[in-house]
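Undergrad: So the chains spell out like this:
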Amino acid sequence: MNEITFVDVAISLALVVLAFGVSRFWKVPVQKEMSLGVLRAFVQLVAVGYALDRIFAIDQIWLIALVMLVMLAVGAREASVRTKKLPGAFWLAFSAMTTGTVVTLAIMLATGLFELKAMVIIPLIGMLVSNSMNAATLTINRLFDNLTENRLAVETSLALGKNWRQASQRFRIQAATAGMVSIFNFMKTVGIVALPGAMTGMILAGKPPLEAALFQLIIGYMLLSAVTLTVVMTLELMVRRFFTPFDQFSPPTRG
Amino acid sequence: MNESRTTLDVTHLSRTIQTNGKQKTIVNDVSFSFTCGTIYSIVGPSGAGKSSLLRLINRLDEPNTGDVIFNGADYRTYSPNELRRHIGYLFQTPYMFPGTIAENVRYAAEDIDDNRVAELLEQVGLSSDMADSEVDNLSGGEKQRVALARLLATKPSVILLDEPTSSLDPTATKGIEKLVRRIAEDRCLIVIMVTHDPQQALRLEGETLLLVKGRLIEHGSSERVINDPQSDEGRRYKDRELT
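Those protein sequences? They're chains X and V, same order as listed.
Last residue of the first sequence: 255 in this note's numbering, with the numbers rising by one and none dropped.
Last residue of the second sequence: 498 in this note's numbering, with the numbers rising by one and none dropped.
Chain X extracted, bound-state conformation (with noise of 0.2 Å):
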């Protein structure tokens, strides 16, 4: 692919023009939310060209944890936003999010597979970060609604004589496998329903197809540790909430 400039992109604003005037056409009203959205991918994007252009150039160790500090709160914000105010939802997920990338990086990093620079490894944080996001979200969201509607359930366990974590245990494992779905659906679709991101650009830079595939597969294990992680963490740290240390029932409650 040549290299690409500021003219490509608005050559490509012709496809904008194409979906809003279709979706005007048949009466879509989604004409304001399109414009906004071409707008803010725009400045958001070329923004973040030219910052990494930047942090690339400058290709330092504590500018790269600066990066995935940023990113992981950013993520962890969005996570507790998501998960409609419950108390504590940022650090919950913060610290899950950072063990799901931290300890998968750390993992790659030793094996030698990626080199410590910015280039590299910032791409990876944030496909390590977006995914742990999304699976923490959803593992706190069903947990939460999985202990809260089942109270009965949990309450009789306890009142049988089981622990918390027995009483609990059903709820978890549902909630670890909402949190993990979207990965294992990546998993099973892969290279048959669509080729993804790392593997499409990898292509399209002109890279042989079969490497690019490799680089995919590596990335794809990545992300999987990256999830089970945070999932295992989310719910390590999130469930002991549910519960006073005498194996009582006492769900927090949304703000």
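Keep in mind the hints are simulated off the structure, nothing from the lab.
Predicted, not measured: the structure shown is a model, and the values here were computed from it.
Cβ atoms here follow ideal geometry from the backbone N, Cα and C, with glycine treated the same way.
Be careful, since some hints might not be right.
Unchecked claim - Computed spacing ranges between beta-carbons, pair by pair:
(1) Glu460(V) with Val81(X): 32 to 40 Å
(2) Glu149(X) with Lys279(V): 23 to 31 Å
(3) Ile272(V) with Ile58(X): 54 to 62 Å
(4) Gln347(V) with Ser250(X): 18 to 26 Å
The hints should help you fit chain V onto chain X, whose structure is shown.
TA: This is chain V only, laid out in the frame that chain X set:
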């Protein structure tokens, strides 16, 4: 445990909760000694703290003040899980874990064999042939009996029953009452049953505790507390419920 005579004392038990930003005392300085072989009915208007008192005794909730003394020891010296195996709790609506009747009976007593499951089912008036049936198709009364068998499987010394017949028809209600009386007598258990129906307390005989606004107002034989209350609150309760 069941061989020696079980004792249960609650002393100055209180619990205050926060509702709509206000403090509300739902159990207020309740003291009482329960002895085995007797059925205790807890009656009182709704919101009197009847179920809350049971939850405190089972330690499903924590009291703000007061103690529960079980077999001479502060109940805090038991782990909550161990305590709840001695002091069983039957909820108003029985929850059935997905699976068969036998799996439910074994839920808290995994090591009991098929014979013991059959014995427990017979004890609560269910046919042992039903053991492998799924719980989904059971009636309300049958579910309550399975829940009782599941509770008895842990060999409790105290049974707390929270309005177990409130959603049952008169025939199923009488069946559960008969069963509760038999279990209390046979095994010298302490049975404490919350009921919104003073007639039920009379049918169960034994003793009755009248709670009003979290306070223990009267206690004594069911006949005396229900039909001849000594306090103003007791008379008001009688007038409201029996007329």
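Undergrad: Now tell me if each hint is right for this structure.
TA: Evaluation of the provided hints:
1. Glu460(V) with Val81(X): 32 to 40 Å: For glutamate 460(V) and valine 81(X) the Cβ distance comes to about 59 Å; the hint is violated.
2. Glu149(X) with Lys279(V): 23 to 31 Å: holds, 25 Å
3. Ile272(V) with Ile58(X): 54 to 62 Å: holds, 57 Å
4. Gln347(V) with Ser250(X): 18 to 26 Å: holds, 20 Å
When the structure is compared with the earlier hints, a violation turns up for hint 1 alone.
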